[in-house]
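Asker: Chain by chain, the residues:
Number of protein chains: 2
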Amino acid sequence: MNKELKIYNSLTKQKEIFKPLVEGHVGMYVCGPTVYSNVHLGNVRTFISFDVIYRYLKFLGYKVRYVRNITDAGHLEDDTQEDKISKKARLEKLEPMEIVQQYTIDFHKVLDLVNNLPPDIEPTATGHIIEQIETTKDILNKGYAYESNGSIYFDVVKYNNEIDKYGKLSGRNIDEMIANTRELEGQDEKRNPQDFALWKKAKPQHIMRWPSPWGEGFPGWHMECTVMSTKYLGEQFDIHGGGMDLKFPHHECEIAQGKTANGVDPVKYWMHANMLTLNGQKMSKSTGNHLLPNEIFSGNNDKLSKAYSPAVVRFFMLQAHYRNILDLSEDALQAAEKGYKRMMEAIKLLDKLPVSDNSSFDINELITGFYTAMNDDFNTPILIANLFEAVKYINQINDGKATISQADKEKLSKAVKDFTFDVLGLHKELQETGHNQAFDKTIQLLIELRNQARADKNWALSDKIRDELAKFGIILKDGKGGTTYSFK
Amino acid sequence: MNKELKIYNSLTKQKEIFKPLVEGHVGMYVCGPTVYSNVHLGNVRTFISFDVIYRYLKFLGYKVRYVRNITDAGHLEDDTQEDKISKKARLEKLEPMEIVQQYTIDFHKVLDLVNNLPPDIEPTATGHIIEQIETTKDILNKGYAYESNGSIYFDVVKYNNEIDKYGKLSGRNIDEMIANTRELEGQDEKRNPQDFALWKKAKPQHIMRWPSPWGEGFPGWHMECTVMSTKYLGEQFDIHGGGMDLKFPHHECEIAQGKTANGVDPVKYWMHANMLTLNGQKMSKSTGNHLLPNEIFSGNNDKLSKAYSPAVVRFFMLQAHYRNILDLSEDALQAAEKGYKRMMEAIKLLDKLPVSDNSSFDINELITGFYTAMNDDFNTPILIANLFEAVKYINQINDGKATISQADKEKLSKAVKDFTFDVLGLHKELQETGHNQAFDKTIQLLIELRNQARADKNWALSDKIRDELAKFGIILKDGKGGTTYSFK
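Here the protein sequences line up with chains S and C, keeping their order.
With our numbering, letter number 336 in the first sequence gets 336, and the count goes up by one each step, no holes.
With our numbering, letter number 190 in the second sequence gets 190, and the count goes up by one each step, no holes.
Worth double-checking, as some hints may not be accurate.
[Said to hold, decoys possible] The calculated PhoX-like cross-link candidates involving lysine-lysine, where the alpha carbons are at most 20 Å apart (straight line), are: (1) C:Lys477 / S:Lys401; (2) S:Lys464 / C:Lys441; (3) S:Lys471 / C:Lys441; (4) S:Lys58 / C:Lys93; (5) S:Lys477 / C:Lys348; (6) S:Lys93 / C:Lys63.
Source of the hints: derived by calculation from the structure; they are not laboratory data.
Work out the full structure, taking the sequences as your base and the hints as a guide.
Answerer: Pasting the structure below:
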């Protein structure tokens with residue numbers, strides 16, 4: 001098998017052969033959600049993309065440490081907070097951590113439904129305030145940040161002149177950025193509009209605040225990812241992922257912070273997942289062109305005619321390459337649902353296929369195709385196309401139109417299941433939606449047949465139906481309104 | 001309804017009428033797990049007990065803020081760590097937060113299975129290091145702690161002499177404690193063996209460590225609960241819960257820390273849940289008299305003959321009062337399983353009961369009994385006994401041996417469901433274990449009937465069975481080896 005994995009590096013803008021910093025180990029950091037609202041469907045796409053990347057790296061035998069943060073450090077303000085509210089009234093005040101808890105639970109539930117594996121470490125911004133203060137002190141001591149009115153700002157121009165080009169990831173030029181920026185209100189604290197906060201002074205109405213050498217405040221958003229990736233993966237690590245929209249300024253700032261603090265480029269391979277659109281338009285709450293994951297799973301929305309299971313949504317998302325824009329629509333989901341069912345039904349046939357002396361197709365070539373697809377920058381749509389080649393053969397063998405040997409059957413079965421369930425992380429079972437309903441109708445059909453048997457005075461048959469059902473734990477009870485059943 | 005709730009206060013050792021500090025609001029803090037191993041079954045009992053307390057307080061109309069912490073601040077040491085391991089080898093080192101993640105996920109899964117509601121806030125020790133350092137500084141400044149070799153210890157004797165009696169919760173006397181304690185090795189840092197650490201200096205092999213005014217170290221265990229309860233519930237709050245084993249020294253130390261830092265007793269009502277034993281003996285890993293929650297749910301253990309569902313385990317645990325020792329055994333679980341099924345089946349009948357002009361029993365008295373039980377220090381076994389009174393009536397009405405009016409039926413239905421599902425938090429549906437198996441056998445029975453019809457040349461019947469099943473999405477396929485089915 002060709003196991004030379006290539007990854008498209010957003011930093012060099014080309015596919016590169018993947019070579020981890022420490023042989024056999026991979027350190028991977030992905031920017032997680034801000035837990036002040038329900039997780040966005042576009043973010044779910046990003047996390048599914050990196051879940052498959054994580055799965056494939058592990059499948060190739062790497063020991064992967066996957067870190068994905070939770071941004072819980074707060075920008076929430078309490079407008080109602082008055083001085084007269086005493087400390088005793090603590091319970092009556094808005095508590096940001098209640099909001100954090102609610103949306104963290106929602107986030108985990110959604111990712112669990114789409115069958116994502118949890119990351120190995122899920123650190124929170126509030127869990128690393130000390131580390132953020134320490135790194136801010138460090139950058140301040142090195143002269144690449146300055147204090148202004150209780151806040152600490154990173155000096156982008158000095159960094160750009162003395163350490164490295166600011167903008168190298170996003171392809172921006174600092175002189176142009178400065179030339180194009182008008183002075184914004186409230187930014188007079190900064191020497192330059194491009195400078196960004198490492199630490200912000202807390203206004204009186206700001207609830208989440210911590211003591212620091214510069215007074216009470218809270219960390220700048222970019223800082224959390226720098227300290228958490230450094231703490232758990234080292235000053236340099238292999239893969240940093242996130243949504244395309246985080247490239248600038250967030251990831252650009254991470255590079256600047258890391259390189260200033262630790263003297264090295266923090267990340268070897270930068271990876272960015274592309275956008276999800278809805279019916280050809282950007283999703284946006286304000287325009288109403290918007291869908292939440294749970295609205296799709298429940299069918300409770302005005303964009304789609306029915307519910308689509310998390311399994312189908314995952315399959316749909318993996319049918320596009322992570323670096324391409326993906327458009328969600330009714331038609332696309334319907335096609336995905338059909339494709340997913342077709343694949344699962346073929347897999348169910350796999351182990352029951354009749355075997356022959358020879359195989360009528362080249363099994364090794366087929367399987368090599370699975371690896372080739374994934375080794376080419378995790379190309380899941382090509383992998384799925386190759387898996388459908390296998391589906392075609394499986395159906396042909398089942399219909400007696402192709403043959404497979406016992407050894408090849410075992411090889412094919414293992415490879416198809418490995419890539420479908422372990423690598424793509426597709427749900428093993430067709431979603432059980434509707435199963436209970438079909439079960440009920442099946443029992444009702446038996447009740448009807450039994451009633452007919454009784455009308456025909458065929459007591460042997462009517463007793464048989466009742467007794468057999470009782471053996472399965474289904475108890476029939478004849479009453480005035482007809483026959484009902486219960487589970488023993 | 002009598003809504004005067006009484007709570008047994010471990011501090012006063014008597015039942016007291018519950019009166020919250022802030023009208024209409026309840027602040028409740030419960031000591032959570034240390035996430036370095038699978039959650040202990042005894043802890044699950046404690047968390048189910050406080051889940052019911054939380055549920056009942058909300059049911060009574062209180063706005064409850066329920067805080068339960070996660071102890072993730074580490075006592076893990078890395079014995080293999082050598083100086084020659086460079087920073088670059090970060091990925092090869094033991095990372096405590098990976099262990100924390102693994103067991104936090106396990107903990108949440110188990111509590112979710114037993115149908116516990118998540119707390120409103122679930123703070124972590126590592127998320128509150130700054131607060132712990134600040135409170136340690138405060139106690140140090142007030143003169144009730146001292147530094148010794150980079151660690152900070154609370155001066156228990158000084159607290160006992162000047163502020164309050166140390167031991168008032170657990171009923172211990174400090175002079176006796178001192179008289180009974182021999183000097184232990186390694187405790188020479190302390191002025192007195194009863195003194196406890198607010199902050200510990202980190203030894204070189206200690207992995208989890210943070211900078212502090214006293215050098216690198218980590219917080220003492222008691223401190224996290226003091227700062228997190230204060231931060232989210234205030235300097236004084238209503239209810240503090242935990243397992244009986246935490247009364248001393250953990251909760252005693254919390255009182256001492258809180259009263260010294262804030263000048264007030266932190267907690268109005270202290271509540272302690274009692275022990276769970278297994279086959280009459282204390283559970284212990286070393287003796288092998290031990291069961292994990294998942295071992296019960298899966299049946300994968302050498303203590304029980306079969307699996308018991310999380311619903312049955314919850315029901316079993318609520319059949320004892322939280323302040324009594326509860327013994328888990330095969331017999332007790334079997335009885336619980338039977339009782340739980342009986343209750344659920346009666347509830348299924350409730351809305352279908354025939355109504356009469358009058359009720360043959362006093363419905364209000366019955367319902368008042370539900371409240372009376374819970375108002376008496378959350379007496380769940382009495383509540384369950386009262387619910388079984390309702391079950392008895394439901395079955396009598398169903399069998400035509402008792403009567404109920406339409407108005408009473410609605411009242412009874414609401415009360416039974418409220419107390420069963422909302423207050424006790426029992427699972428709404430009988431666990432689905434075995435359902436898929438029964439479904440399969442039901443379809444097989446229809447296939448058998450169809451085969452018989454075909455043998456009888458009763459084509460109308462055989463077609464009917466095939467066509468009806470197809471309507472429910474079950475497709476029959478006749479092949480060489482017989483008839484198989486698949487879901488459309």
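Asker: If a hint holds in the structure, say so; if it doesn't, say that too.
Answerer: Verification of the supplied hints:
Of the pairs offered as hints, the one joining C:Lys477 and S:Lys401 holds, with about 18 Å between alpha carbons and a cut-off of 20 Å not exceeded. Annotation: proposed proximity of S:Lys464 to C:Lys441 holds, straight-line Cα distance about 14 Å (limit 20 Å). For the hint linking S:Lys471 to C:Lys441, the alpha-carbon distance of about 9 Å falls within 20 Å, and the restraint holds. Distance check on the hinted pair: S:Lys58 and C:Lys93 sit about 18 Å apart at the alpha-carbon level, within 20 Å; holds.
Between the alpha carbons of S:Lys477 and C:Lys348 the distance comes to roughly 14 Å, so the proposed pair stays at or under 20 Å and holds. Restraint check for S:Lys93 and C:Lys63: satisfied, since their Cα atoms lie roughly 12 Å apart, inside the 20 Å limit.
Hint compliance for this structure: no hint is broken.
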